[in-house]
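Since the structure of chain A is already known, use the hints to place chains B and C on it.
One letter stands for each residue in the lines below.
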Amino acid sequence: MDVAADDRVQIRLTVNGRQREAEVQPRWLLSDVLRHDLGLTGTHVGCEHGVCGCCTILLDGSPARSCLMLAVQADGAEVRTIEGLAGPDGTLHPLQEAFRRHHGLQCGFCTPGFLMAALPIYRGAAGMSDEELRKALGGQLCRCTGYAGILAAVRAAAAIEDER
Amino acid sequence: MKPAPFAYHRPRTGDEVDECLAEHGSEAKVLAGGQSLVPLLNMRLATPSHLIDINRLEGEPGEPAVREAVVAFGPLVRHGSVERSAEVATRLPLLVEAIEYVGHPAIRSRGTVVGSIAHADPSAELPAVLNVLEGEASVRSRRGRRSVKAVDFLVGPFRTVLDEDEWVDEVRFPIPARPHGTAFEEFARRSGDYALCGVACVAERADDGRVEASLSYLGMGPVPVRLVMPTLGPDEMADGALAEALEDATRSRLEPIDDLHASGEYRMWLAKRLGLRAARRAAASIPALHR
Amino acid sequence: MTTRMFGQPIPRVEDPRLLTGRGRYTDDFEHGAAQAAFVRSDFAHARIRGIDVSAASALPGVLGVFTHADLEGDFGEPLPLLIPNDGLTAPRTQRALALDEVCYAGETVAMVVARDRYVAEDAASMVMVDYEPLPVVADLAAAAAAGAPPAHLDMRDNVAGRVSEEKGDVDAAMAAAHHVFEWRFRIERSASMPLEGRAVVAKYDEAEDRLLLYDATQAPTGVRAGLAALFGMDPDRVHVVAPDIGGGFGVKVVQFYPEEVLIPWASRRLGVPVKWTEDRREHFIGSTQERGQIHEVSVGVDDAGRILALETRFLHDAGAYCPYGLIIAINTAAQLPGPYRLDNYRYEFTAVYTNTVPTSPYRGAGRPHGVFVMERVIERVSRALGLDSIELRRRNFIQPSEFPHDVGVTYQDGGPTVYDSGDYPRGLDVLLEALDLDRARKEQAELRAEGRTVGIGMACYVEGTGIGPYEGAAVSILPDGAVAVATGLSTQGQGHETMLAQIAADELGAPLESIHVVAGDTRRIGYGVGTFASRSAVVAGNAVLLASREVARQARDVASRILEVAPDDLVLEDGAVHVAGAPDRAIGLAELALLSNPLRYAFDKRAEAAARLAQRAYASSDRPLPEGTKPGLSATEYYSPTSGVFAFGMHAAVVEVDPDTFDLKIRRYVLVHDCGKIINPTIVRGQIEGGVAQGVGGAFYERIDYDENGQIQNANFMDFLMPYATEVPSIEIHHTETPSPNNPLGVKGVGEAGVIPVAAVIANALEDALGRPVDEMPVSPLRLFEMSRG
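Chains as they are written, first to last, in the numbering used here: chain A, 1 to 164; chain B, 1 to 291; chain C, 1 to 790.
This list has only true hints and no planted wrong ones.
Straight-line alpha carbon distances no greater than 25 Å define the calculated SDA-like cross-link-like pairs of lysine to any residue that follow:
#, chain 1, residue 1, chain 2, residue 2
1, B, LYS29, B, MET43
2, B, LYS272, C, MET787
3, B, LYS272, C, LEU770
4, B, LYS272, C, ASP663
5, A, LYS135, B, THR90
6, B, LYS29, A, MET1
7, A, LYS135, C, ASP663
8, B, LYS29, A, ARG8
9, C, LYS630, C, ASP236
10, C, LYS665, B, GLU265
11, A, LYS135, B, ALA188
Source of the hints: derived by calculation from the structure; they are not laboratory data. Keep in mind it's a predicted model, so treat the numbers as computed, not measured.
Bound conformation, chain A alone (with noise of 0.2 Å):
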C-alpha cells in the first residue's frame, strides 16, 4: 500500500464487534478517527503523546493509545472501546458497576481509558497486594480521584462479576 500525503485510503476495521469503514489520510490519528468520523467519542484524549493513557482501547484484545497509532494501521483490526463495554441491553460491565459503587471517576475524562485498561487485569485484581495493583494501572493518569475509588473498584469487580 502507498499513500500520497494528501490521499485518502478506506480503512476496515471492527469494532465493538460491528465492521466499520472509514476513508482516513494517512496522518490522521486512530483516536481523532474513532472520535470524529466513527461518532465514537468516548475515547478521550489528554495529550497526544502517549503518557496520560486517556486514550486507551484495545487493539486486537491489547491495550493501546489510541493516540500513538494512526488510524490507516488499524485496517483490518479489532478494536474495542468503552462504547462496547456494557452488555448490549445497557447492563453495565462488573467494571464499570465496581466504579459506579466505589466512586472511581469524577469527572470521567480519564474513565474510559481505565477501564479498558483494567479490563485485562481486573479478575487478578483482588488477589494484588497495593502495590502490585497500582503498577498495574501505572501509566493512567488520573487528576481528580487521587486514585483511591479507581483501585477500590478494580479490586472488587471480579466479585461483582462472580456474583451475577
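This is chains B and C only, laid out in the frame that chain A set:
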C-alpha cells in the same frame, strides 16, 4: 498536536522495505511500534515526508527466538511478548527484568525490541542490555547486509550508524556462556518513566571461582557505557573493594549531563549506588557450583 | 420512602453516562465544525514587527488567517480585568491577538481557521512573524529587583500592585517579644492541569442573530454576559453551555481567554460553526498557572511559644498579565494566620510581572502558600525554643468559644475575614488519635535505629469557602413528575448533579431518580457566578434549598385548594402531597404540576383534569389562579451569603527518604477535615483524596520549569510529572462536623481542602527526618541529595 503530512507506505516484504528506503531514505522514517516515533510526529519534532509502516511484514515472528547461545528478535516482536515468555525468563532473565521498566502495559503491547534499539534513546533500557551482553544488530538495505556490534551501533543520543537507506531486521542478545547472574536496576521519578540512571549487570563466574561483573549504564552519557569490573572474590563483592572499583570506573568513564530532573553529580551518586546493588544482586544469583 | 437524602452516600447520578462513554465534553460536539489553531509567541518578550499570513492563507482547506488587524472595535482591546482592586497600580491584561508586543511565550498572535485541526496546524506553522526580541525577566526575585528589565515595555518596573494591611500593632508587639525570628520561605505551586484541556465551540446563527457556545468553562454565566456586551447583542440571544467538563481546578474559570472571544468572533465572521480544542502543549503555554511566592517573615513570640506578632513581606509571581487581579496573594495574606490567634499581624505583598504565563488560582488559590509559611513558622519556633510543636499549636489556637473570629484583614470577597465556626483543639485530638502519635514515634525510633531516615510532620489550615456574590437555582416540577433543577455554575466532576438533587429531594419529598439537575447552561438560568473557591455546595446548595422550599410551598398551596385543607396540614413525601396523618388523601406531584396550570384547552387526556379545574373554579365564583399566584410549580431563588464560611483541617504524614536514591516514600498519610454538615460523604471523600494527590504532586513531582529566556522546559507530560497511582499514598480520612451558623444548610465547602496543607506537611515531615529546615517547596530527589551534601 497533529503530525505534519507524510506519504504512507506499507511494504509486505523486507525487499519492499529496502526499495522504499532506497528511494525515500533521506526523508523517511520506519514505523514499527510507534511508541517513541508517533509522539515525535505529533509534536512535529520529526517531520518525515515518508513513513514506512513495517507492521504488516509477512512472515515476521511475533515471539523472541531463543536459540542455543542467543535470544534473537525480529522487527515485530513487541515488548509484551518478552514479558510473557517463560523461555526468555529462564534463559535470559535480564531481558525480562529490564523490560518491566519500559513504560507501561499499553506501551509494551505495541513497542518493539528492535525499535527500541534503533531509536537509541540514551535513557532507554534495552540498548543498555544489548550493550552489556555485547550483542549485535543485523542491518540491511538494498545494498546488502551487515552485522554491527552494539558498541558500534549506538553512536550518540538518538543516533545510530544506520545509513539513510538502512534498517534493522534483527537484534541478537547473546546468552553469557559461563555460569552467570544478572540484575537490572534503575531509578525513575515515576513508575514507567525514563530513568535518571539505570544499569544492566551481568556477573560471570570465572574459572577460578571469582566474579567478573560487567555493567552497562543508561542515562549516564550519550550512549550506554559498559564498565568491566576487575575480577573479585565473593567477599570483595560484598565489601569496599567493589565500591572502590565502581567509584573509579564510574568517575573515569561516565559523563552524565545536568538536566531538569537530575544534576550530573546526583546521577554519578545514583550510578554508584545502583551499580553496587546490581552487581551484588547479579553475583548472588550466579548458580551455585555443583560438587 | 422517607429516608432523608442529605448526608447519604448516594451513588452519583452522573456516573452511568460517564462510565459508558456517553459523557458529552466540548470536543464531542459539532464534528463538522471548522477548526482553529493559534500562532503563539515563540519569544517570552518581543516586539512584533510584522506578520505575513499569505502562505498560510493560501493553503487549501484554510478558511481564514487572522491577526489583530482583523479585529474590529472592542475585539481588539485588552481582555477584561476580572477582579478590580485599588492595590492594582498597573493592571495589565492581554489582547485576544497581540497588537505589537508579546509578553510571554505562548501569547496568541494569530488565529487560523481551517477545515480540520491538521490543516489548521499546518497553516499555523506557515505564518511568518517577524519578532524583535526584547529583554526577558522570568524569575520572580529578579523581576522584583531594582533595575530589572521590565516585562512590559510601557512600565519602568514590574510591580503590578501592592497591598498591605495590619491588625493590631506589630511593631510594638515585636519590640516586646522575648524572641524575634526572621526567616525566608519560598513556595512554588504548579498548575491545575486537568486532563481535558480547554475547548470552545461557537455557532453564530446569522438569520436569527443568535450565538451559542459550548465552552469548557467554570463560569458560563460570566462568559455569556461578557460576550453579549462585546458583541453588542441582547444577552437573551447569547447562550453559553458548559457541558461535561474533564476537570477544572481553577484554570477554566478565567474569563475570557482569547479563544473564548476569537472562536465566536470567527463563527460570526465566517458564517460557519467553529471549534477550538486545546492540545496539551498549548495548555502549558496558553492556560494559566499558579506558581510561586517568596516570603520574608518576622515573628515575635514569648517564652511559651505564643505568637505575639507576625509579619510577612512577600513577592507574588503574577506572570505576564493579571486578569484575575490579586486574588491569589490576597488569599495567602488573609488565610495565612490559619487556626491561630494572631493579635498583631501585618502583611505586605507585591505582585510582580514576569515574562511567563499569567497566573490565576489553582485549587488552593494562594492558601497553600500561606499555610506553608505559617506551619513552617510553627515548626521553626518550636525547634528554636525546644518546645513540642503540637503543644505550640494548642497554645496558639483560636478556641471554640472565640467564634466568630475576626482575623483582622480583608478577605477575597472584599469583606472582613471572619471565621464563623470551628473547633481546632478537637480536630487536633482526632488527628493525633488517628495517627497514634506515640506509636508512630516509637516506630520511627525503631526504623532510625536501623539507619533509616524517617520523619513525622503535620500541618493545620483554615479554608475560606462559600463566597458570594450569589448563586441561583431554578426548580420546577413538570407535569410528568420529573423535577428539573438548574443552576448557573458549571460542574467539572464534583458531583453537583447528585449533591444538588439530594437537597431538592428532601425539600420536595420527591424520589432522587425523578430529579434532573442541569448545571452551567445559561439557557436554563442566566444569572450565576461560577465554580471556584469551594463554593458550590454552600452557595448553589442553599439556592436549591430556597427554590425547592418555595416550590414545596406552591405545591402545598395548590393542593390545599384541591383537597380543601389548610396548607400547613399538608406534607410532601414519596412524590406526593398528602394530608398529615392521612397518607391516602394525596395528590401526586405529577398530577399537582398539571393541575397548577388551569386550562381552557385540554391538550391531552391527562390535561382534561386541569380544564375541569378551571371550570369548577368559576362555577364556585372563584378564580382558577388566585391573586399573587402563577401557573406551574416553579421557582427561581438566589442565595447570597453574608460572608464566606470557614472549613478547616489537619494533616499528618510519616515519610521516609531512600538512602540510595533520595526518593520520598510516604509511609502514612492521615487527616481530619471539617466542612460543616456533609451532604454526600462519598463525594466529600473523593474531593479530599483528589486534593491530597494534587498536593503530593505539587510537593514532590510537579514544577513548571522556566529557563532565563522565559521558555518552559517541561511543557509536556513526560517532563512535567503528575503522579500516577504508584506515586500517591493511601490516605486515612477522619472528619468532624462543625456546622456553619451562617447558612440554612450548615454546610461549608470542601473542594480545595485536600491540597491546601500538603506541601507544609511534607516539608515539616522532611525537617523531622533530615534534621534540617525545609523552607522551600517543592522538593525532589535531586534537591534532597543536594541538601544532604551540605
